[in-house]
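Model the placement of chain B on the given structure of chain A, informed by the hints.
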Amino acid sequence: DAGVIQSPRHEVTEMGQEVTLRCKPISGHDYLFWYRQTMMRGLELLIYFNNNVPIDDSGMPEDRFSAKMPNASFSTLKIQPSEPRDSAVYFCASSFAPFYYTFGSGTRLTVV
Amino acid sequence: DAKTTQPTSMDCAEGRAANLPCNHSTISGNEYVYWYRQIHSQGPQYIIHGLKNNETNEMASLIITEDRKSSTLILPHATLRDTAVYYCIALTQGGSEKLVFGKGMKLTVNP
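Chains as they are written, first to last, in our numbering: chain A, 67 to 178; chain B, 5 to 115.
For reference, chain A alone in the conformation it holds in the complex:
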């Protein structure tokens, strides 16, 4: 198995632009999680899905952030419009059971 696949690995965008981060979970995993990591705030859980349904989005910072999971093999995290303070590493993780997470390699987002 190729593991959790995230794309792109790096993204540099200008403030105000729309950014879409992508994640392909491990086949058979029915949980998917989006995290954000910064030096100041550490690892923060943004949202998670179970069987493609959003369960808890209380960590999503504001309405500029949205996440979807149209099917079991794909999820997106969208930021529109992006701001410099959104610069961070965004991780996607999947799991077949609670707490046995497998993380992707992350997307490093820089908003200038």
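Do not rely on the hints blindly, as some may be mistaken.
[Claimed, not checked] Here are the computed lysine-lysine pairs in the DSSO-like style, where the Cα-Cα straight-line distance is at most 30 Å:
# : chain 1 : residue 1 : chain 2 : residue 2
1 : B       : Lys-107   : B       : Lys-56
2 : B       : Lys-107   : A       : Lys-144
3 : A       : Lys-90    : B       : Lys-102
4 : B       : Lys-102   : A       : Lys-134
5 : A       : Lys-144   : B       : Lys-102
6 : B       : Lys-107   : A       : Lys-134
7 : B       : Lys-73    : A       : Lys-90
8 : B       : Lys-73    : B       : Lys-110
Calculated directly from the structure, the hints in this document are not laboratory data.
The following block gives chain B in isolation, referenced to the frame of chain A:
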């Protein structure tokens, strides 16, 4: 979920055992202790978990005290590749599925 406390950092010599402590004095009877680690620039990686018995797998051993108020993650023969931030997390299985990371502890393995 119970709060856990870890040292901010520790060093270990390559080839020696690394003993990483974690305090969880308010842990309840149905809370498990989970350990993850994050190597620089990578996503966190599951290591091991336990409830009250000691556990061992190919990566590490987990020793939980009889009163369950603390635990120790043991890397038996630390290598340079074990340099990472290690997270100790107390979780209730059957409760929320969310994994919430604290600040963790930076382990540096020195040659």
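- Task: Sort out whether A/Lys-144 lies within 30 Å of B/Lys-107, counting only the CA atoms.
- Result: OK: B/Lys-107 and A/Lys-144 at ~27 Å, within 30 Å.
- Message: Please verify whether B/Lys-73 and A/Lys-90 have alpha carbons no more than 30 Å apart.
- Response: violated, 38 Å
- Item | Pairwise hint evaluation, B/Lys-102 against A/Lys-90, where the allowed Cα distance is 30 Å at most | This hinted pair holds, its Cα atoms lying about 19 Å apart.
- Message: Check the hint pairing B/Lys-107 with A/Lys-134 against an upper bound of 30 Å on the C-alpha distance.
- Response: Roughly 28 Å separates the two Cα atoms, so the pair holds.
- Are the Cα atoms of B/Lys-107 and B/Lys-56 separated by 30 Å or less? holds, 24 Å
- Query: Do the alpha carbons of B/Lys-102 and A/Lys-134 lie within 30 Å of each other, as the hint requires?
  - Reply: holds, 18 Å
- Hint consistency between B/Lys-73 and B/Lys-110 [alpha-carbon to alpha-carbon, up to 30 Å]: Given that 30 Å is the threshold and the Cα spacing comes to 21 Å, the pair holds.
- If you draw a straight line from the CA of A/Lys-144 to the CA of B/Lys-102, is it 30 Å or shorter? Given that 30 Å is the threshold and the Cα spacing comes to 21 Å, the pair holds.
In summary, the one numbered hint that this structure violates is 7.
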